[in-house]
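Residue numbers (this note's numbering), protein chains in the order written: chain A, 1 to 107; chain B, 1 to 113.
No lab work stands behind these hints: they were computed from the structure.
Accuracy of the hints is not assured; some may be wrong.
Okay, the calculated beta carbon distance ranges per label pair [stated by the list, open to error]:
#, chain 1, residue 1, chain 2, residue 2, range
1, B, Lys9, A, Gly58, 18 to 26 Å
2, A, Lys9, B, Gly84, 18 to 26 Å
3, B, Thr100, A, Lys65, 36 to 44 Å
4, A, Tyr27, B, Thr111, 36 to 44 Å
5, A, Ser12, B, Leu39, 46 to 54 Å
6, B, Ile60, A, Arg3, 17 to 25 Å
7, B, Gln67, A, Thr60, 26 to 34 Å
Not everything, but these chain A residues come out facing chain B in the computed CB check (under 7 Å) [what the hints assert, rightly or not]:
#, residue
8, Ala17
9, Phe34
10, Tyr39
11, Arg43
12, Leu44
13, Leu47
14, Arg49
15, Asn93
16, Asn94
17, Leu95
18, Thr99
Chain B regions said to be covered by chain A (calculated; three or more residues, Cβ under 8 Å) [to be verified]:
#, segment
19, 43 to 50
20, 53 to 66
21, 87 to 95
22, 103 to 113
The C-beta atom is built at its ideal place from N, Cα and C for all residues, glycine as well.
Residues per chain, in single letters:
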Amino acid sequence: AQRVTQPEKLLSVFKGAPVELKCNYSYSGSPELFWYVQYSRQRLQLLLRHISRESIKGFTADLNKGETSFHLKKPFAQEEDSAMYYCARTGANNLFFGTGTRLTVIP
Amino acid sequence: DSGVTQTPKHLITATGQRVTLRCSPRSGDLSVYWYQQSLDQGLQFLIHYYNGEERAKGNILERFSAQQFPDLHSELNLSSLELGDSALYFCASSVRAENTEAFFGQGTRLTVV
Numbered sequence: 001a002q003r004v005t006q007p008e009k010l011l012s013v014f015k016g017a018p019v020e021l022k023c024n025y026s027y028s029g030s031p032e033l034f035w036y037v038q039y040s041r042q043r044l045q046l047l048l049r050h051i052s053r054e055s056i057k058g059f060t061a062d063l064n065k066g067e068t069s070f071h072l073k074k075p076f077a078q079e080e081d082s083a084m085y086y087c088a089r090t091g092a093n094n095l096f097f098g099t100g101t102r103l104t105v106i107p
Numbered sequence: 001d002s003g004v005t006q007t008p009k010h011l012i013t014a015t016g017q018r019v020t021l022r023c024s025p026r027s028g029d030l031s032v033y034w035y036q037q038s039l040d041q042g043l044q045f046l047i048h049y050y051n052g053e054e055r056a057k058g059n060i061l062e063r064f065s066a067q068q069f070p071d072l073h074s075e076l077n078l079s080s081l082e083l084g085d086s087a088l089y090f091c092a093s094s095v096r097a098e099n100t101e102a103f104f105g106q107g108t109r110l111t112v113v
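With the sequences and hints as input, model every part of the structure.
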């Protein structure tokens, strides 16, 4: 079965501290991996895709095929980063989402 | 603005009723996905259509149905509504059926009273 696991439902960090949101995926074929962000129950917005290898709003994510992980990182968290973050993978006519991690940045 | 349009934005209805949610995908996108987001269950995949045909089905109840029309817009029909159906319903679209990112609409907030 194709799965995306985000082990942390809630994550709180202080402003300026590093943040890492974990994502593990089940291995099947060659999926594309994404991170989506949702601010205050608004629409989900694409934050990162693994094939572009870019940094958006200071966030980066490295695909580790050996560990089947795609963790999202930022060296210095900002208050405006507080949001819901979803990891997603493609496969079998679907886009599979993890259960999401709610990040709270404490001022 | 993602280019995906969902109507209505808000809907309040009574238990036992039937509602239709509408989604217009981005211009050129052939795939439409429907998701349900409730407070305690995160983002649940319901169904995926590609160019008018059903491609994948997720945790969609029998009381729910969907279709994609020739102009590629999609409708999600929810019937015999229950209190537990109250949620945010998102539509997303993408160009292809597989291995591609999806763009989300703003969602329809359904409240069943």
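**Report entry** Cβ separation of Ile60 (chain B) and Arg3 (chain A), checked against the hinted range 17 to 25 Å
**Finding:** 19 Å, holds
Query raised in the report: Residue count check for the segment 103 to 113 of chain B against chain A: does it reach three with CB-CB under 8 Å?
Result: With 5 residues in contact (Cβ-Cβ under 8 Å with chain A), the coverage given for the segment 103 to 113 of chain B holds.
Query raised in the report: Holds or violated: Asn93 (chain A) as interface residue toward chain B, Cβ cutoff 7 Å?
Result: 4 Å, holds
Query raised in the report: For the hint on Thr99 (chain A), does the least C-beta distance to chain B fall short of 7 Å?
Result: 4 Å, holds
**Report entry** Within 8 Å of chain A (C-beta), three or more residues of the segment 43 to 50 of chain B
**Finding:** Contact hint for the segment 43 to 50 of chain B vs chain A: holds, 4 residues under 8 Å.
Requested in this report: Under 7 Å, Cβ to Cβ, is where Leu95 (chain A) needs to be relative to chain B, so tell me if that hint holds or is violated.
Outcome: Because about 5 Å separates Leu95 (chain A) from the closest Cβ in chain B, which is inside the 7 Å limit, the hint holds.
Query raised in the report: Measuring from beta carbon to beta carbon, are Lys9 (chain A) and Gly84 (chain B) in 18 to 26 Å?
Result: 20 Å, holds
Query - Cβ separation of Ser12 (chain A) and Leu39 (chain B), checked against the hinted range 46 to 54 Å - result: 19 Å, violated
Query raised in the report: Hey, does the Arg49 (chain A) contact hint survive, CB to chain B under 7 Å?
Result: Holds - the Cβ of Arg49 (chain A) comes within 7 Å of chain B, reaching about 6 Å at its closest.
**Report entry** Supplied contact hint for Arg43 (chain A), tested at 7 Å Cβ to chain B
**Finding:** At 5 Å from the nearest chain B Cβ, Arg43 (chain A) passes the 7 Å test, so the hint holds.
Requested in this report: With a cut-off of 7 Å on the beta carbons, see whether Leu44 (chain A) makes it to chain B.
Outcome: 4 Å, holds
Query raised in the report: For the hint on Tyr39 (chain A), does the least C-beta distance to chain B fall short of 7 Å?
Result: Given a least distance of 12 Å, the restraint on Tyr39 (chain A) is violated.
The structure fails hints 1, 3, 5, 7, 8, 10, 13 (numbered hints given earlier, in ascending order).
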